[in-house]
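Visitor: Each of the two chains sits in its own frame; use the hints to bring them together as a complex.
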Amino acid sequence: MSASPTFASLVPEFDALRRRFPPGFESSLVLPCLRRLQEAWGHVEDSDIAALAEYLAVPRVQIEEALSFYGQLRREPVGRWHVEVCRNVSCSLRGAETLLERLSSKLGLAPGDTSADGRFTLSTCECLGSCGTAPVVLVNGVYHENASAPEIERMIEGLERA
Amino acid sequence: MPRIVVDGRAIDAAGGQSVIEAARAHGIDIPHFCWHPSLSVAGSCRVCVVEVEGRGLDIACNLPATEGMQVFTDSPAVRERRREMLELTLLNHPVDCGICDKAGECTLQDYHYAHNGAASASGERKVRATKFHALSDRIVLDNERCILCSRCVRFTHEVSKSHGLGILHRGDGSLLRETGDGAFARDPYSDNVLDVCPVGALLSRSSLYRARVWYLQPTRSVCPGCARGCPVDLWHRKPEWRLNALDPAKNRAIVRVTPRDDGRPEGPWICNKGRDLAALFERPRAMQAMLHGRAVPLDVAIDAAADLIDSSKTRIALVSSWASNEELAAFKDALGERFTTFVKEDHRPLPGETIEDDFLIRADKNPNATAAAALFPVRGKPMSAAPSGQPPDLVLAWGEGFDARGLPDGARAIVLDAYGHADHARADVFIPLSIQTERAGHYTNFQGVVRAFDACFDKPASVADAQELFAALAVGARVPA
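Protein chains in written order, with the working numbering: chain W, 15 to 176; chain G, 830 to 1310.
Isolated chain G, as found in the complex (with noise of 0.2 Å):
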């Protein structure tokens, strides 16, 4: 193990570390645009450069830490290198910051303030390339933006294998551009390049310009599309920035998900149908309680569900696998005991979508299958017949998914939900649920990684917490079963 001293400070670089590397691992952030912890090395941009005693400067990106090295990262020579290499790769980007949906988040803005802050020293007209070229049908790139770094590249050579990407033409005329094959656009990873992309050349045509970054903040979740349970950061807008003109819906929406980084061995990455996620939360909901297709207030419906639930004598529920363990639990203590408990697949694989890969996208799109399965391992058809052998008279159905032809003939359904569906007038009643935004919880994931998401918004008034719905049910049992 290596010891090296970075501008003084003695630290022990695990075998086979870079200096940039081993001084990351000790919080000493050296400047870097084209090197990326996830990827191989380019040495290209030549910011990362540091000083070495009795050796001059070199790029820390591409030199291996040896044992008793003295590195300098802001000598007098290594500033003055770092602010020429800032000058170079500014001389043809614009300085278009004005409207750059990366503004705010740009390491290029970022270093110059903090490294370079002069203005161009040269009198040459910028070079003029491309400003909106759609790489894909969900990414746009401005060449005039783009330093040439190839992380993007690289991503599309080393994580997703599409090979989608490439650097063509040479010199101040080379422009990053996708394959004439569409791999790119099949990639269904391409949209992790627009977070590799340390300037705003890359940019998601669903989010731009839709907000500055600056007026968001992100909420840890959990990607609920499959059974990997990628952990995301949901971005929306902050209380302060609140819009009171506009259309309310701005405040409650989703802009952009972007992958959060907990060290997890798969790396930084998430799927474009994790990028989707707003798509997927703001689907037509279910705000109105009901009783046979009959408005009723919410507590009217709870307590409707309650009698049932007393009433009634073989029952069976169907759980969602897009629950929370918290809910899941709560079901469990609350009536458990009552209920012949059934898993129940929430989502399929859509159309068109990816099923299944060697990377991270699982065949079963429901994010707590594993979960409720441990907590609920009763197998079979739910709706022939109980354990027992008496068809069920009432059925309990959670979640998304649920077929109301597949009901016995006779049986009365409770449906909680959370998105509209046409079924639902037809339950005896109805009960609208809150979806992941708004709520705390924990999803399982197939590997047994349990990570938890928080509330972005406040839940709706006219919508249940399933959490504490349960308890309301079990408590409304005014006769003993």
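With the rest of the complex left out, here is chain W (with noise of 0.2 Å):
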């Protein structure tokens, strides 16, 4: 594994994006900046705001409520899986609470949580654009279509011994 990289090092990339926009428009970078520190260390550090507050000279406050906005933004470490439940009404109808029950006792996590040796994070979330394969489980990104209790919890115990 390489080393966990830094923001300075993420630097050129948001010079690059800035370049994608007119001069006075900074306040538009802070979301493709935020999904770009999130993707590079999995979620977005405390220090990553003040520095990108700083980077962008816009105001801390910013990027503070943005980051509580978009419920795909995190400001803490998921497990290794990270499994999350789409919530909304398709899902919803199609069974999507049964399955976040039979997913929460599998794992022995409430949404939300990590397990204690960090392998699981278990999260509910909002529409994933998918609504005609409801429902819909994504693991670590990946879609898991017409999600069943028993195909979920089968993949889930092939990622337990993995």
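Please keep in mind that the hints were generated in silico from the structure rather than gathered at the bench. Honestly, I wouldn't trust all of these hints.
Computed cross-link-like contacts, SDA-like style, restricted to lysine to any residue with a CA-CA straight-line distance of at most 25 Å [claimed, not checked]: (1) G:Lys990 x W:Val156; (2) W:Lys120 x W:Ile170; (3) G:Lys990 x W:Ser61; (4) G:Lys990 x W:Lys120; (5) G:Lys990 x W:Leu43; (6) G:Lys990 x W:Pro37; (7) G:Lys955 x W:Asn102; (8) G:Lys990 x W:Tyr69; (9) G:Lys955 x W:Gly126; (10) G:Lys990 x W:Ser42; (11) G:Lys955 x W:Pro37; (12) G:Lys990 x W:Ala71; (13) G:Lys1067 x G:Glu1095; (14) G:Lys960 x G:Lys1067; (15) G:Lys990 x W:Ala67; (16) G:Lys990 x W:Pro125; (17) G:Lys955 x W:Ser41; (18) G:Lys990 x W:Arg101; (19) G:Lys1142 x G:Gly1239; (20) G:Lys990 x W:Ser82.
Every beta carbon over 12 Å from chain W, so not counted as near; a handful from chain G, in silico [as the list claims (entries may be wrong)]: (21) Pro905; (22) Arg910; (23) Arg957; (24) Arg967; (25) Gly1009; (26) Val1025; (27) Leu1037; (28) Tyr1038; (29) Gly1122; (30) Leu1137.
The structure presented is a predicted model; accordingly, all values stated were derived computationally and were not measured. Ideal placement from N, C-alpha and C gives every residue a C-beta, glycine not left out.
Guide: Printed below as a string of structure tokens:
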């Protein structure tokens, strides 16, 4: 594994991004920069907030607002396997609530929690844009469509052995 | 200058004015929550809805006034939409007016009575949120009462520029919060959010639960905290609601201070020091006249002071930069010719206080140094020697900040002060004075703007009013100097 990247190591990418926006639109860069930071180390560190505010010269509050508004952005690390269950209308109608309960008891985790060994995080999420194949479960960003409880449980067992 | 018609009344709107601004300038108040005359347009509360002929419903805060526009602020369609918007605003608002400090001056309460009045149409449980969140050590936030109008957030972005507040999360989980870096706690103007809040969400921790607003009355005043001299209202108990039980001091207490909007270009804002004037005024008072530290009746002390003035030759006066224009003029008229007069700096910046900034706060922490310097233009070190070269044999020190150690050998001292100080006992004559809240007068600020203040309370009988005192000291002069 390579050494974890630092904020400074991402600045060249941010600079490239910045050139795609007209001057004075620094606040529009908050979101792509936060996505890139999360992609780099799984979540957004508190120190990244101050660093990004300084880099973009935007008030810190704007970054905190964006971070809390978007459920996809995280301020805490997640486990090795991040299991997310969509809880919006289509998935709920197609049994997402039961699915979430089964996953919760299978993993011994309440939604939002990470297992003590750091292997699993269980979350709910908002619409994944795949209502036609509801319910959808996301595992480390990979879609599992038309998810059924037994199938997802088998997959979890596979991950537990992995 | 576009002419628009509001509810059948033709009004001339200034160029660039929105409908809500034009209407307001002509005395027509369109209901609003998120709009504030000194902040940017958010357009989120939708309560200022109006009907425009040929265009339908629109929000007056974001609608430029254009020539010939026919605006209706109370048509059936407007009334219905406004009622619906109020219903939405109240969806998660608690009905705890009975224990809310804002009750009685709450816009939401007023609008509900005026424009809705109906019980909630929703059977859903209201969203529960934090009732007591400390935004800073000065301000407590009730998230259930917050209607997310964002006025306070815009205040920190546009006026105080601390960027210390934001609305986190989304939907009915949205929460007003301070940033993690403590910017709001450091904002020297933070308490203005108490006034811009249209509901009881932001509350002062210093006046929390101290009084219902309808027991209080405002008295016009001027903040003495610095040379800006901001116009303020001092709120204290109405005489008809005076407390006969409990501590009688509560009847003479300043419960809160709010800015008084006199249309000045700086806007309707004051700094936090101005909010804390109660603590400044209510410091331990000097209430007893003294001769060499021995308590005497006030008139005995006044006679003794007059005798001292008569019997001395080289007299120096240090006048107070906290004195009103009237008091300074009274001193000049009565005693000005007999004293070489210097202006004293009564207050200096306190440790931790904001010294000066590019908004309101001035480095001179006295309200009337401008008027005092205009009346008494002598410069130089007062204690070393009078301009005649003779060391002074009498020093009259008026106000706080007098250092008795600087007194020349053999000189007598008359000290006039409103607040208690151990040095007073060392003065040959000490005469206690009234404070700003016990008299009326004017201050002249550093820009030359003269502002008036009125008395909140009667002066205690054992202290003198400076304006009358100087006349008495001059009359007491039995032997011409």
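Visitor: Hint by hint, say whether it matches the structure.
Guide: Do the hints match the structure? See the list:
no., hint, verdict
1, G:Lys990 x W:Val156, "43 Å, violated"
2, W:Lys120 x W:Ile170, "9 Å, holds"
3, G:Lys990 x W:Ser61, "22 Å, holds"
4, G:Lys990 x W:Lys120, "50 Å, violated"
5, G:Lys990 x W:Leu43, "21 Å, holds"
6, G:Lys990 x W:Pro37, "21 Å, holds"
7, G:Lys955 x W:Asn102, "21 Å, holds"
8, G:Lys990 x W:Tyr69, "19 Å, holds"
9, G:Lys955 x W:Gly126, "24 Å, holds"
10, G:Lys990 x W:Ser42, "20 Å, holds"
11, G:Lys955 x W:Pro37, "44 Å, violated"
12, G:Lys990 x W:Ala71, "14 Å, holds"
13, G:Lys1067 x G:Glu1095, "30 Å, violated"
14, G:Lys960 x G:Lys1067, "30 Å, violated"
15, G:Lys990 x W:Ala67, "15 Å, holds"
16, G:Lys990 x W:Pro125, "39 Å, violated"
17, G:Lys955 x W:Ser41, "34 Å, violated"
18, G:Lys990 x W:Arg101, "39 Å, violated"
19, G:Lys1142 x G:Gly1239, "13 Å, holds"
20, G:Lys990 x W:Ser82, "22 Å, holds"
21, Pro905, "35 Å, holds"
22, Arg910, "28 Å, holds"
23, Arg957, "18 Å, holds"
24, Arg967, "18 Å, holds"
25, Gly1009, "7 Å, violated"
26, Val1025, "17 Å, holds"
27, Leu1037, "25 Å, holds"
28, Tyr1038, "30 Å, holds"
29, Gly1122, "56 Å, holds"
30, Leu1137, "61 Å, holds"
Of the hints listed earlier, those the structure fails to meet are numbers 1, 4, 11, 13, 14, 16, 17, 18 and 25, in rising order.
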